[in-house]
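*Asks:* Guided by the hints, dock chain B onto chain A, whose structure is given.
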Amino acid sequence: MDNTFVLLALTFAVYYLATIIRKKTDIILLNPILITIAVMICYLKFADISYTTYNESGKYIEFWLKPAIVALGVPLYKHLDSIKQHFIPIFLSQLAGSIVGIVSVVAIADLMGATNEVIISLAPKSVTTPIAIEISSALGGIESLTAAVVVCVGILGAIIGYRTMSIIKLNDDISKGLAMGTASHAVGTAASMEVSPIHGVYATLGLIINGVLTSLFAPIILRIMGYL
Amino acid sequence: MILQCLIIFACLAVGELIVMFTGIKFPSSIIGMILLCALLKIGVVKYENIKGVANFLISNMGFFFIPPGIALMLYFDIIEAQFWPIFVSALVSTIIVIAVTGWVYQLSNRKRNG
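So the protein sequences, as listed, match chains A and B. Mind the numbering: the first sequence is residues 2 to 229 in this note's numbering, read in order. Mind the numbering: the second sequence is residues 1412 to 1525 in this note's numbering, read in order.
It is worth saying that the hints were derived from the structure and are not from the lab. Mixed in with the good hints there might be a few duds.
[What the hints assert, rightly or not] Calculated pairs, DSS-like style, for lysine-lysine (alpha carbon to alpha carbon, straight line, at most 25 Å):
(1) Lys46/A x Lys1522/B
(2) Lys1462/B x Lys79/A
(3) Lys1436/B x Lys60/A
Looking at chain B on its own, in the form it has when it is part of the complex:
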């Protein structure tokens, strides 16, 4: 448990330090994720030593978004002013992105396989 948390927080800490020292505009958490994946790949971290905490965090990820979601109450006035343009463009564009991403993958994968 302690070791598992150590691995997660160490990867995140390295991510934070990289962002701090290089000034790159990239989320520290994604750098930490790539680092964890690399450590598993080269065998420094064993899957057995991380799976418990990792599965717990991943299976509850949706819940962790609730506070930033509740922060929406702070922005009601900005959203209200242009509600329809914001809502319709976000909704339609989300559907378009899902369709285009999925279709392009399926078509290019099919083509490649013959």
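Same shape as in the complex, but just chain A:
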């Protein structure tokens, strides 16, 4: 049962079923990405299949991630005028989101007794994997832990994002998109695209700008807070 095509078919099947379950229920924990990851990990553990073996199939799916991110240039182009018009508030929100994102995760992890290495690995948690890994390895974090946490934060944001925003009364389309992309990078962007293309565009912007700002601020903030 570790045939490349069997594992591919299984991944598609589980995801397809998960999206149907999602449509029929309103339980936010039933995020199709989360469900598929959980079911597939259980299956692989149960059938004693290693990740390396699974990845012979998984790589064909993951391959499309980079082209999908390139494709985000299309909605970005369609909303360029609106972006230009709101540039200053967008930039201010990114500045605040980036700094608060680094400081809060570092402070809370420290208070709860995380080791220095783990704290550094968590600092870039909100940004897209390639940028986060660069930051983590440059500052002495554990790359694989950063990669794992980044995926988790993405899924977490996709699950709790919209619920959080309705509780705290964010009601503006641009602010909703920006918040999702800034907090949860491309997974948050994918979730916002499903809600509305406008949210998706601003999530894309949050993903890009927060990625750049976090790579600039993380070393400075960690130094000021005394972790480097």
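*Replies:* Same frame as chain A, but now just chain B:
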């Protein structure tokens, strides 16, 4: 279809080459995205010549994250060792980032508009 894929892969290829030759620490995919947006803006690429594949890729983006998510099984021991600090800080910080980013945008936009 072929032209649409060509445009996407050409932008990504240029992104990869830029990263390779300049050594900058930035994702090639985001460089490709900005390039595609610029090509559309200056009219080299027409929206009609890209929308099909672009919409397909974007609307299924969540699915492409599943293999890196399944890779979590490799890191169970690292996460397990400090599960609560990692989980609580990531969860609370994510909520804070959503709130602060959204509020700062709404406040500064409102102020600007009068």
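*Asks:* Now tell me, hint by hint, if it's right for this structure.
*Replies:* Taking the hints in turn, this is what the structure says about them:
1. Lys46/A x Lys1522/B: Answer violated: Lys46/A to Lys1522/B is near 54 Å, above 25 Å.
2. Lys1462/B x Lys79/A: holds, 11 Å
3. Lys1436/B x Lys60/A: holds, 23 Å
Figure legend: structure checked against the earlier numbered hints; the only hint not met is number 1.
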